[in-house]
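Engineer: Below are the chains, spelled out letter by letter.
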Amino acid sequence: MLRYQAQLFWLGVLLLILLISLSLATGAGVYGGREVAGFLLGDPALVADEKLAMIVNTLRLPRTLAALVVGVCLALAASMLQSATRNPLAEPGLLGVNAGAVFALVIGLTYFGVESAYGYLLWSGMGALLGNLIVLGLGLMVGRSNPLKLILVGVALSATFGGLSNFLLLSNKVVLEQFRFWNLGSLAASSLESVLTVIPFALAALLLTLALCRQLTLMQMGDNQAQALGIRPTRVRIGVLLAATLFTACAIAIAGPIGFVGFLAAYCARLVEPVRLAIQVSFSALFGVLFLLGADILARWLLQPFELPNGVILALIGAPVLILVVRSGGFRSLLAVK
Amino acid sequence: MNNPMNDTLTGTGPETRLPTGTLCLRLGRRTLLLERRAWLTTLGLVLALTLLSLLALTLGSGKITMMGVIQTLLGEGSRLDQVTVFKIRLPRIVAVLVAGAAMGLSGCLVQTLVRNRLATPDMIGVNEGASLAIIIFSLYLTLGSWPWWAAPFGALFAALVLYALCNKPGEQGYLFVVIGIGVSELMNAIGQFAMSTQSLVHLTSLYLWNMGNFVGQGYGTVVPVGILILLICPWVVYLSRALGVLRLGSVTARTLGVNVNRVQLGVLAQAIIVAALGTAIGGPVVFIAMAAPILASWLSRDRIVPLWIAALCGALMLLASDTLVRVLASPHEVATGIMTRILGGLLLLFILIKDRQRAD
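For the record, the sequence lines run as chains A and B. Just so we're on the same page, this note's numbering is the position in the first sequence counted from 1, plus 89. Just so we're on the same page, this note's numbering is the position in the second sequence counted from 1, plus 333.
Wrong hints could be hidden among the right ones.
Pairwise CB distance ranges (calculated) [said to hold, decoys possible]: (1) B:Phe486 / A:Gln314: 51 to 57 Å; (2) A:Leu229 / B:Leu380: 38 to 44 Å; (3) B:His665 / A:Met143: 35 to 41 Å; (4) A:Glu204 / B:Gly408: 52 to 58 Å; (5) B:Gln531 / A:Ala114: 24 to 30 Å; (6) B:Val379 / A:Thr323: 52 to 58 Å; (7) B:Ser538 / A:Trp99: 46 to 52 Å.
What the hints contain is simulated information worked out from the structure, not anything from laboratory work. Glycine included, each C-beta is placed from N, C-alpha and C at the ideal position.
Please model the complete structure; the sequences and the hints are all you need to start from.
Structural biologist: Right, here's the structure in full:
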């Protein structure tokens, strides 16, 4: 890691700690930072306060933890998909993979009565796998000549899957009630249970990602070069697909479809470190958490007493960035090496 | 819109042989050249629209047979039937038809202008801009009444944003469309932000409208919007000939005496206004504007799609989606926009796969 990268990384970590404390200290209720800190450190007077315990244990703590896990998952899913498709605009949200996972989950809710956190994870995982396979397959069918085409494929898939999920939801009131708790693209309803269920799977995907980083870095030179160095590109790609699927499934199971985080995080990470994936991926994860946590704090704070969906804030930042990236032609950088 | 080459042929004298497959109407010195296929297609579409409208009037809760519907329309039938047909079902169908026609027309105008099948008002954010204006006006400024007249301003705003972001819209292919998608995401996010400032209870109908919904339409919006669109129609017809010439390329068009800039600006203005008015009725129903001209070009087997056929196709497709969603979702009400989203996404995929040779 270069010197300025290391400085940036530690700056990011500091900012992260600041945001975590801010996230724990703000929200509904009269309790500020001092009370929450005292409660978490085990101050007997504050631990005895039932209302404070309720607010921290069921609202602020799960929400902050969820932002951490979901931020890492979305950012790494985007980074993995980008390296698999060699398309710097690739992201589960923009490619329609999120919509596919949600659709599968809605089917699970409607026809199979899914209730447990494992069930959520299983169904969204199947949907994410299917979505990834469809996107990659269609990506081959429409040709790789233009990275923008893959985005249009994503728009089409998002529309179809999103429409189907909405149709099922609106024509089935029972599921709609259950679905409301899972709240489209918001961290407000995340429970400690679902976060704890998901963490082992996210860790597994993280290990897989770290194991693949070296090979992926070499594969950037092109498949032939990589093969000459003893790498099996197909096997690596399957691993990447698996990791991206797991990450997407974990994020969806906790928070529903949140767009643009992965795109923003992975894009910024590439600006910091364009080549070595191990470093790029660490920055991507850091940025993902920072963006999501920041957006979540803003979502709680901007429009009190109402709450914004996280996706709105992220789209307000992400859409202009997407436009600028597309406009400046920055998306072609990955195509230079084939 | 006739092929301009044919017009110059017929102008040389009465003995000139007509191009195959066309009819010629003469009135004094003026001649009107009609393409037989286009007129047959138009007739077929009108027939299909009539039948589908009758079917849509028949379907729904409360049983009326199709004969009963026809009798009620002719002024007979029981009071209950009259209320059902005239107060509940007919307004919705009229709204769907007007909105669909407006979307088909505006889509065809923009597609022809920028020569890109994917560049339609609903893809590039114009419709989202229109609905953003309506959301903001109805939330903050015109409490209670429906500010349909605000839609063109929002659409114009979105178009200006898009114009500022792209230098030469026509030449950029996918780039233009993806930037437009970014603009439409942005407009949508601002609209969601505005709606989040109010408590959810007051917003149910606005949320549904924003998905593309025709439930509970009265004549209040449709009638003024329809009249405005009809008033714009002569202007569209006036410019359509020049638009047809413009398709031969701007250099050729200039040689043939077309004021290229003025025609482009005029057609763009028409497209924006018509798209916005279409959105004002039932919300930003997506993909109709893209699908209608494509269906029209398949039907008329012509690369230059007649505008009115695109409008008829738009009305037909939106009515079909609306009827389909009513039948499939009953007894629940599901927004029409959801059905067009499902079908339109598949169509977009199909187009992308078919166009894979295009390299821009």
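Engineer: What hint numbers does the structure not satisfy?
Structural biologist: Of the numbered hints given earlier, the structure breaks none, since each of them holds.
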